[in-house]
Amino acid sequence: MAIVTLLTDSGTSDHYVAAIKARIISINQAVRIEDITHDIKPGDLAHAAFVIRAVFRDFPMQTVHLVGVDAVGNKGDALIALQLEDHFFVGCDNGLFGLISDQPHAQVVELNSLNTITTTFPERDIFAPAAVKLASGIPITSLGKQMPTFRKMIDRQIKATKKQITGSIIRVDGMGNLITNISKRVFDILSEGKNYTIAFGGEKFRRFHAQYHQAEQGECFIIFNSLGLLEIGIYKGNAAELLGLDYDGVVNIIFD
Amino acid sequence: MAIVTLLTDSGTSDHYVAAIKARIISINQAVRIEDITHDIKPGDLAHAAFVIRAVFRDFPMQTVHLVGVDAVGNKGDALIALQLEDHFFVGCDNGLFGLISDQPHAQVVELNSLNTITTTFPERDIFAPAAVKLASGIPITSLGKQMPTFRKMIDRQIKATKKQITGSIIRVDGMGNLITNISKRVFDILSEGKNYTIAFGGEKFRRFHAQYHQAEQGECFIIFNSLGLLEIGIYKGNAAELLGLDYDGVVNIIFD
Amino acid sequence: MAIVTLLTDSGTSDHYVAAIKARIISINQAVRIEDITHDIKPGDLAHAAFVIRAVFRDFPMQTVHLVGVDAVGNKGDALIALQLEDHFFVGCDNGLFGLISDQPHAQVVELNSLNTITTTFPERDIFAPAAVKLASGIPITSLGKQMPTFRKMIDRQIKATKKQITGSIIRVDGMGNLITNISKRVFDILSEGKNYTIAFGGEKFRRFHAQYHQAEQGECFIIFNSLGLLEIGIYKGNAAELLGLDYDGVVNIIFD
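Quick note, the sequences are listed as chains A, B and C, same order.
Note that numbering that gives the first Met the number 0 has the first sequence beginning at 0, numbered continuously upward.
Note that numbering that gives the first Met the number 0 has the second sequence beginning at 0, numbered continuously upward.
Note that numbering that gives the first Met the number 0 has the third sequence beginning at 0, numbered continuously upward.
Treat the hints with care, since some could be wrong.
Where chains are identical, the list cannot tell them apart; a pair therefore holds if satisfied intra-copy or between any two copies.
Said to hold, decoys possible - 20 Å max Cα-Cα, derived SDA-like pairs, lysine to any residue:
{"no.": "1", "residue 1": "193", "residue 2": "154"}
{"no.": "2", "residue 1": "40", "residue 2": "174"}
{"no.": "3", "residue 1": "40", "residue 2": "11"}
{"no.": "4", "residue 1": "151", "residue 2": "203"}
{"no.": "5", "residue 1": "132", "residue 2": "59"}
{"no.": "6", "residue 1": "132", "residue 2": "188"}
{"no.": "7", "residue 1": "162", "residue 2": "211"}
{"no.": "8", "residue 1": "132", "residue 2": "195"}
{"no.": "9", "residue 1": "40", "residue 2": "173"}
{"no.": "10", "residue 1": "74", "residue 2": "214"}
{"no.": "11", "residue 1": "40", "residue 2": "211"}
{"no.": "12", "residue 1": "183", "residue 2": "119"}
{"no.": "13", "residue 1": "40", "residue 2": "12"}
{"no.": "14", "residue 1": "40", "residue 2": "175"}
{"no.": "15", "residue 1": "74", "residue 2": "225"}
{"no.": "16", "residue 1": "151", "residue 2": "44"}
{"no.": "17", "residue 1": "183", "residue 2": "225"}
{"no.": "18", "residue 1": "40", "residue 2": "10"}
{"no.": "19", "residue 1": "235", "residue 2": "251"}
{"no.": "20", "residue 1": "74", "residue 2": "241"}
{"no.": "21", "residue 1": "235", "residue 2": "152"}
{"no.": "22", "residue 1": "151", "residue 2": "241"}
{"no.": "23", "residue 1": "158", "residue 2": "98"}
{"no.": "24", "residue 1": "183", "residue 2": "124"}
Treat the hints as calculated values from the structure; they're not laboratory data.
Generate the whole structure from the sequences, applying the supplied hints.
Following this line, the structure appears as structure tokens:
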């Protein structure tokens, strides 16, 4: 089945999202549309990239992900379709797509390069028709001129040595949990045979939890979450508020 | 395929919207349901009318639009089904439907006039079954007594002379952009061969932009948007907040 | 058709809900997914129970309701599937399911008891696959070990005598209407042949309305709503704010 997901910063109180869906349905009523979220803060590429990166692989291969975040971009940003890890992405080449995967892409094409139309609403007028074509099995290379590559923003990286891992908070989720860029994979390699201290804010801990509910109510939990990333929270509380930590805050793991 | 869209002021934290969908599915599981929005402020007819007017034509013809905004209306308001521009609308005759099109309607019938039921939840108990019938191809005239017409509220109109167009802000969207009732069509006719100044708040501009990103970050853009309406915004900013303008604010175009 | 509804406290700004949907679709693309709401305050069992109880019977029988509210629960809470009133429920045995029906259940089984997996995201990794199986017609007893019963929280009950009914507000809806636990059924029995006064906050009333719009704008209405429960509101106003009443507030009906 043809599946198109939608991720936008358009909110839910206007006609914009419905207009994108209406266009898709008008072209091909057999497409299944699934919302990822429309509650990205306008232009917040880091939030959008985190969400799409966290979930796109859960969808079947060949799913088309229409990304309408900062959709008009800056002057000169191309509108593109991208094939990556056997998924398709359609959106503005504003840097976001460089943040969602470390794998090399299979194809990237410039939309609106063959029969150019002018519009202030590319999500509806350019992305939606392109997404339907891809979902219907039309080859990506027929959608526009091939480009050698696309814009790659550099994500905030961890600093890792034998003595210490320094990471940062890359997402405060809706429950106030703090998700960092420290992966279980890196931790497992560097921590082998060592004791360690996890430090953030004024807090220090010497162990991870396997489950949220291993912490007592109101106490900190530190887990590797379902994305394999170090996550800090307060069981049945809001960690961001209670610990005073926010996006970009620092988390250290010190080995001894 | 049978399509029913939903537009309500019921919000998303209660059972109301799900109850409407459940009723539709229980009657006919083949109906495709698409949300337009449920984030209309309770009873805000102007907001609801703007959204449905902006998007209904993007859906395939024969789509049924269930409008549950101020759904019980005032004493004496009929519950109606309406055929207009080859789309169907179901809702309360509270004035809203008079705002969505300038075209004459094809049919209007009073629901709940043949086998009357009493309910405090007409969206679920009256609108949903009627919407399914229309989506399934049952003639609108079989749904209730024909009415000669329906209530027409008068929208705020522009004042247009050879010297000046005075319009107003009819919608502040979720990003803070200010959408006015000044259409490109009217502007093109009146501005032919003239210079012009666009004035609002304390600001004056002498040109339109073709694209949002033709403005610098933090600067005003003035475009005719995807609805063909004059729209004012701040590129990567919130125009309503930064310009101190809100719904019903005045925008002038002065010719010289 | 196989239908799975989703009710979570995950909000709509993260990847969590999309991840649940993606898992369902990846297992069986023929499943129809319907959102009930994701705007439950984290861990608010009373809110979640009210919503699911209010709407589940509107869906076709055999519908599967995936409830991801307080999904990890407390230490020792089982993850369960439940057959009740010819509907299926999947979620954590944290007490919520004891609040949704007074009928005896047909079956309850412990998920993740046969081939145990470890996860911090049971909504996606355990509930979604179980929901798809149930929606596809696989017998509930094949999903896990049968349990004799599940946790029953006790809801706040009314106190009813021949002289008075004392109830409480069990839900303030998104429009500020106050929904109580006083049912029309109980009221009809106890009030037969008597006069009565409805008292709450400083207000007293001696009659019910049949419709919201029987009250004047800004005035109180008191109706038995579409759930058959006593509901207090302000016509075109916010009763919670204007009357200063909130969840758990007391409403009395005094007979004389």
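So, going through the hints one by one against the coordinates:
no. : hint        : in the structure
1   : 193 <-> 154 : neither (28 Å within a copy, 50 Å between copies)
2   : 40 <-> 174  : both (17 Å within a copy, 9 Å between copies)
3   : 40 <-> 11   : both (12 Å within a copy, 12 Å between copies)
4   : 151 <-> 203 : neither (35 Å within a copy, 39 Å between copies)
5   : 132 <-> 59  : both (17 Å within a copy, 18 Å between copies)
6   : 132 <-> 188 : neither (44 Å within a copy, 38 Å between copies)
7   : 162 <-> 211 : neither (28 Å within a copy, 49 Å between copies)
8   : 132 <-> 195 : neither (51 Å within a copy, 43 Å between copies)
9   : 40 <-> 173  : both (13 Å within a copy, 10 Å between copies)
10  : 74 <-> 214  : between (49 Å within a copy, 9 Å between copies)
11  : 40 <-> 211  : between (28 Å within a copy, 17 Å between copies)
12  : 183 <-> 119 : between (43 Å within a copy, 14 Å between copies)
13  : 40 <-> 12   : both (14 Å within a copy, 9 Å between copies)
14  : 40 <-> 175  : both (16 Å within a copy, 12 Å between copies)
15  : 74 <-> 225  : between (38 Å within a copy, 19 Å between copies)
16  : 151 <-> 44  : within (12 Å within a copy, 44 Å between copies)
17  : 183 <-> 225 : within (11 Å within a copy, 46 Å between copies)
18  : 40 <-> 10   : both (8 Å within a copy, 15 Å between copies)
19  : 235 <-> 251 : neither (24 Å within a copy, 34 Å between copies)
20  : 74 <-> 241  : neither (41 Å within a copy, 23 Å between copies)
21  : 235 <-> 152 : between (35 Å within a copy, 19 Å between copies)
22  : 151 <-> 241 : neither (35 Å within a copy, 32 Å between copies)
23  : 158 <-> 98  : within (18 Å within a copy, 49 Å between copies)
24  : 183 <-> 124 : between (42 Å within a copy, 19 Å between copies)
Going through the hint list in order, the structure does not satisfy hints 1, 4, 6, 7, 8, 19, 20, 22.
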